[in-house]
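Visitor: Modelling step: build the complete structure from the supplied sequences, incorporating the hints.
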Amino acid sequence: AQTVTQSQPEMSVQEAETVTLSCTYDTSESNYYLFWYKQPPSRQMILVIRQEAYKQQNATENRFSVNFQKAAKSFSLKISDSQLGDTAMYFCAFMKHANFGNEKLTFGTGTRLTIIP
Amino acid sequence: GAGVSQTPSNKVTEKGKYVELRCDPISGHTALYWYRQSLGQGPEFLIYFQGTGAADDSGLPNDRFFAVRPEGSVSTLKIQRTERGDSAVYLCASSAGLQETQYFGPGTRLLVL
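Chains A and B, in that order, give the protein sequences. Heads up: the first sequence begins at 113 in the numbering used here, then just goes up one per residue. Heads up: the second sequence begins at 127 in the numbering used here, then just goes up one per residue.
Among the hints, erroneous ones may be present.
[Unchecked claim] Here's a subset of chain A near chain B, in silico, CB distances under 10 Å, partners left out:
| no. | residue |
| --- | --- |
| 1 | SER142 |
| 2 | TYR145 |
| 3 | GLN151 |
| 4 | ARG155 |
| 5 | ARG162 |
| 6 | CYS204 |
| 7 | THR221 |
[As the list claims (entries may be wrong)] Derived DEER-like restraints, expressed as beta-carbon distance ranges:
| no. | chain 1 | residue 1 | chain 2 | residue 2 | range |
| --- | --- | --- | --- | --- | --- |
| 8 | A | ALA184 | B | LEU224 | 24 to 30 Å |
| 9 | A | SER142 | B | LYS204 | 34 to 40 Å |
| 10 | B | THR139 | A | GLU122 | 15 to 21 Å |
The hints are simulated quantities; they were obtained by calculation from the structure and are not laboratory data. Ideal Cβ positions, reconstructed from N, Cα and C, are used throughout, including at glycine.
Guide: Encoded structure:
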């Protein structure tokens with residue numbers, strides 16, 4: 113079974129600064145996917161970024177980038193030039209590669225990020 | 127619609143009652159997932175549909191929980207004889223197919239008194 117660990121329950125940072133959220137995972141799989149989802153108070157989970165384990169290049173999406181260290185089983189999220197709208201819960205998630213379903217996501221417990229004006 | 131929708135947004139019921147939670151996936155998405163999110167936790171997998179069939183229901187906690195997707199689109203999660211421990215946010219997600227990203231709805235917050 114896979115596990116995902118987010119060791120930072122809460123973080124806060126000043127607007128326009130850079131912040132890094134940590135995530136580690138445990139798996140015996142060699143091929144899988146990793147995700148960061150954002151959950152604002154509206155409850156809707158919004159995909160921030162996705163990384164395929166077989167790709168060495170770290171994924172980026174505008175101000176969001178990841179540091180994927182496969183050997184260390186680490187997948188951190190960096191948010192640059194943070195904005196007030198980035199305030200939310202952030203969840204790291206794992207999905208193993210499967211030829212026939214089941215493609216369930218395994219989530220960490222989340223990090224509550226607050227951007228301070 | 128443009129995204130996954132779930133109804134109702136909130137549901138309050140009494141212990142022992144029956145409830146149904148509905149999920150409308152993104153049009154054309156073949157895969158549909160249900161997750162449960164307890165307070166302060168990440169979502170936990172309940173059940174996965176590929177088309178009309180439940181491909182994996184290993185996350186359903188007991189036989190009081192059941193889900194259907196009769197026409198391969200809308201899905202209903204059914205909970206019988208509700209218990210206070212069933213109180214949580216129930217999230218639905220859909221994806222376009224294998225290995226594709228899951229897109230989530232806003233969830234239904236269930237409160238069992």
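Visitor: Now look at each hint and say whether the structure bears it out.
Guide: Now for the hints, and whether the structure bears them out:
At its closest, the beta carbon of SER142 of chain A sits 15 Å from a beta carbon of chain B; the interface hint therefore is violated under the 10 Å criterion. Interface hint status for TYR145 of chain A: upheld, as the beta-carbon distance to the closest one in chain B is roughly 7 Å, under 10 Å. The criterion of a C-beta within 10 Å of any C-beta in chain B is met by GLN151 of chain A, whose closest approach is roughly 9 Å, and the hint holds. Evaluation of the ARG155 of chain A hint against chain B yields a held restraint, the C-beta minimum of about 5 Å falling below 10 Å.
A cut of 10 Å between beta carbons decides the hint on ARG162 of chain A: the least distance to chain B is about 6 Å, and the hint holds. The interface hint given for CYS204 of chain A is met, as the beta carbon of that residue sits about 8 Å from the closest beta carbon of chain B, less than 10 Å. Against a cut-off of 10 Å between C-beta atoms, the interface hint on THR221 of chain A holds, since the closest Cβ of chain B lies about 5 Å away. Between ALA184 of chain A and LEU224 of chain B the beta carbon distance is about 28 Å. The supplied range of 24 to 30 Å therefore holds.
The supplied range of 34 to 40 Å is met by SER142 of chain A and LYS204 of chain B, whose beta-carbon atoms lie about 38 Å from each other. Range check, THR139 of chain B to GLU122 of chain A: about 32 Å between beta-carbon atoms, so the 15 to 21 Å window is missed.
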